[in-house]
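Let chain B serve as the given structure and place chain W on it in line with the hints.
Number of protein chains: 2
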Amino acid sequence: MTPAKPQRTVFFVSDHTGITAELLGKTLLTQFPDIELHKRTLPFVDTVEKAKTALTEINDTAQKEGQRPIVFSTLVNEEVRASMTSDNALFIDLLADFIRRLEAELGLESSHALGLSHGMGDELAYQKRMDALNYTLSHDDGMDTANYDRAKVILVGVSRTGKTPTCLYLAMQYGICAANYPLTPDDFTAHALPKPLLPHRAKLYGLTIQAERLAKIRRERKPESRYASLENCQSEIRAAAALLRQAHIPVLDTTTMSVEEIAISILHGTGLIKRLKS
Amino acid sequence: MTPAKPQRTVFFVSDHTGITAELLGKTLLTQFPDIELHKRTLPFVDTVEKAKTALTEINDTAQKEGQRPIVFSTLVNEEVRASMTSDNALFIDLLADFIRRLEAELGLESSHALGLSHGMGDELAYQKRMDALNYTLSHDDGMDTANYDRAKVILVGVSRTGKTPTCLYLAMQYGICAANYPLTPDDFTAHALPKPLLPHRAKLYGLTIQAERLAKIRRERKPESRYASLENCQSEIRAAAALLRQAHIPVLDTTTMSVEEIAISILHGTGLIKRLKS
Chain B
27 MTPAKPQRTV
37 FFVSDHTGIT
47 AELLGKTLLT
57 QFPDIELHKR
67 TLPFVDTVEK
77 AKTALTEIND
87 TAQKEGQRPI
97 VFSTLVNEEV
107 RASMTSDNAL
117 FIDLLADFIR
127 RLEAELGLES
137 SHALGLSHGM
147 GDELAYQKRM
157 DALNYTLSHD
167 DGMDTANYDR
177 AKVILVGVSR
187 TGKTPTCLYL
197 AMQYGICAAN
207 YPLTPDDFTA
217 HALPKPLLPH
227 RAKLYGLTIQ
237 AERLAKIRRE
247 RKPESRYASL
257 ENCQSEIRAA
267 AALLRQAHIP
277 VLDTTTMSVE
287 EIAISILHGT
297 GLIKRLKS
Chain W
27 MTPAKPQRTV
37 FFVSDHTGIT
47 AELLGKTLLT
57 QFPDIELHKR
67 TLPFVDTVEK
77 AKTALTEIND
87 TAQKEGQRPI
97 VFSTLVNEEV
107 RASMTSDNAL
117 FIDLLADFIR
127 RLEAELGLES
137 SHALGLSHGM
147 GDELAYQKRM
157 DALNYTLSHD
167 DGMDTANYDR
177 AKVILVGVSR
187 TGKTPTCLYL
197 AMQYGICAAN
207 YPLTPDDFTA
217 HALPKPLLPH
227 RAKLYGLTIQ
237 AERLAKIRRE
247 RKPESRYASL
257 ENCQSEIRAA
267 AALLRQAHIP
277 VLDTTTMSVE
287 EIAISILHGT
297 GLIKRLKS
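Same order as they appear, the protein sequences are chains B and W.
Here the first sequence is numbered in my numbering, starting from 27 and rising by one per residue.
Here the second sequence is numbered in my numbering, starting from 27 and rising by one per residue.
Note that these hints are calculated values from the structure, not bench results.
It is possible that some hints are incorrect.
Identical copies carry no separate label here, and so any pair may be met within one copy or between two of them.
What the hints assert, rightly or not - Think about it this way: if two alpha-carbon atoms lie no more than 27 Å apart in a straight line, the pair counts; the simulated DSS-like pairs of lysine-lysine are: (1) Lys90 to Lys178; (2) Lys90 to Lys242; (3) Lys178 to Lys65; (4) Lys65 to Lys31; (5) Lys52 to Lys31; (6) Lys154 to Lys229; (7) Lys248 to Lys76; (8) Lys248 to Lys154; (9) Lys242 to Lys154; (10) Lys154 to Lys31; (11) Lys65 to Lys52; (12) Lys31 to Lys221; (13) Lys52 to Lys178; (14) Lys65 to Lys229; (15) Lys65 to Lys154; (16) Lys52 to Lys76; (17) Lys178 to Lys229; (18) Lys90 to Lys154; (19) Lys31 to Lys78; (20) Lys242 to Lys78; (21) Lys90 to Lys31; (22) Lys65 to Lys90; (23) Lys248 to Lys178.
Extracted from the complex, chain B is given alone in its bound form (with noise of 0.2 Å):
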């Protein structure tokens, strides 16, 4: 018997969604991978009474566990965040500390003003997102392509290989409309890019992938499929990394790629995250 990993209650607390908290203490906790996590979030802790609701069950999983929990808190209120102690936890303030260190060097006080980062904040920039989520699911899959002029980035690829999510991801985090164009056999037969991405080269990014990890994927849609098989994912590969190579299309192989990291490396690789402002 391997021997139980040690355990430990974490709370992300925050007087707003909780978002921010949640990532960086994640981001934190990832470094150590040998403690078993239970993950507490509370968030629109923005009244003293909420707080002291929130305390109460940190101190009520103290006792219970015999430990220390974790509270990672990214509060801004400075009465909210006062009422939040207690030695029976280990409080990680998220923002104190950077805020005061940013208040010296820029010379200004901060505005204490909670929320503002996932709220709807600049609300054109918030509009832009909500806009470009709206083209990518209008041109999703080859769906309407007649709009490519507004597209900031066509993403084509056999079937599978992450163009839709990576298209929704950058549509929802950054304001960005991204297409994506399915690559098929047709295509293959005819040795040459579908005629609507033609106008648009130099917005289009290839995305491939191992052809296993391929077959897996489309096994789960589609058990028992030719689609699904490796000879013909390999095929479909080979033959869409040939049109992509001749057309000069830059390529991502997103075989162990996550969403984020296929979404930021194509951001990097076609100069869009320099041109973003915010």
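Just chain W now, with coordinates in the frame of chain B:
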């Protein structure tokens, strides 16, 4: 003439995607709304050589602008981190202090592994997110109501209340199978919830919005239409509210909410957030 805002260049430096550095850095900077920021993201800085290139860019910026840029970094590798120092910038290491505190609390050394938070990470969890995204895409807008058993939540509301973006966000970020179903004038005439929803009442969550805002959003898609007219929006919203109230479905007003806020409110309101493991 209003005086020009003070300006400052900000770098987000990461050995991986830079998502964490950007998110926390931007969260911190929202506290200083009176500064005009020029933001640059430098992802994949995972060697000493790349760190030196980044440093050169930071030093050049300092010299050109005659003031110190602010550098938010999430570099994990000690050697890479050590090569990124300069008096010409305010370096804010977003991880180091917290990792030291966690090491002390947990009695463990950190793994110094790079980019764990936005890679494929736990492959099962990643797979779950991609499966949820596929589910959500094929269960958007009332399509394919047969597999509602798999849904964790089904959003209902009139057209353009934020159902689709919220479902996509829930799927992509939290791996939650989220479906959505539009309420249309037919349903209002029938004075009853649409039939496919009846067996799944416990999963239903209503979205509503103020009529003026809805009319504005709809006008952007279909100007001059009856669909977008204020009267029609008012009447649809009223009818939907009556239907949802009668069926005891919780309802969220999304008028001033971002997709992130809507998603977290739903997770919180349904208790799904506590049930999430990661």
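Results for each hint:
no.	hint	in the structure
1	Lys90 to Lys178	neither (53 Å within a copy, 30 Å between copies)
2	Lys90 to Lys242	neither (44 Å within a copy, 52 Å between copies)
3	Lys178 to Lys65	between (38 Å within a copy, 19 Å between copies)
4	Lys65 to Lys31	within (16 Å within a copy, 42 Å between copies)
5	Lys52 to Lys31	within (18 Å within a copy, 35 Å between copies)
6	Lys154 to Lys229	within (19 Å within a copy, 31 Å between copies)
7	Lys248 to Lys76	neither (49 Å within a copy, 43 Å between copies)
8	Lys248 to Lys154	between (36 Å within a copy, 18 Å between copies)
9	Lys242 to Lys154	between (36 Å within a copy, 15 Å between copies)
10	Lys154 to Lys31	between (46 Å within a copy, 24 Å between copies)
11	Lys65 to Lys52	both (9 Å within a copy, 24 Å between copies)
12	Lys31 to Lys221	neither (57 Å within a copy, 48 Å between copies)
13	Lys52 to Lys178	between (32 Å within a copy, 23 Å between copies)
14	Lys65 to Lys229	between (41 Å within a copy, 23 Å between copies)
15	Lys65 to Lys154	between (33 Å within a copy, 18 Å between copies)
16	Lys52 to Lys76	both (23 Å within a copy, 26 Å between copies)
17	Lys178 to Lys229	within (6 Å within a copy, 37 Å between copies)
18	Lys90 to Lys154	neither (47 Å within a copy, 31 Å between copies)
19	Lys31 to Lys78	neither (31 Å within a copy, 40 Å between copies)
20	Lys242 to Lys78	neither (50 Å within a copy, 41 Å between copies)
21	Lys90 to Lys31	within (18 Å within a copy, 52 Å between copies)
22	Lys65 to Lys90	within (15 Å within a copy, 46 Å between copies)
23	Lys248 to Lys178	between (32 Å within a copy, 24 Å between copies)
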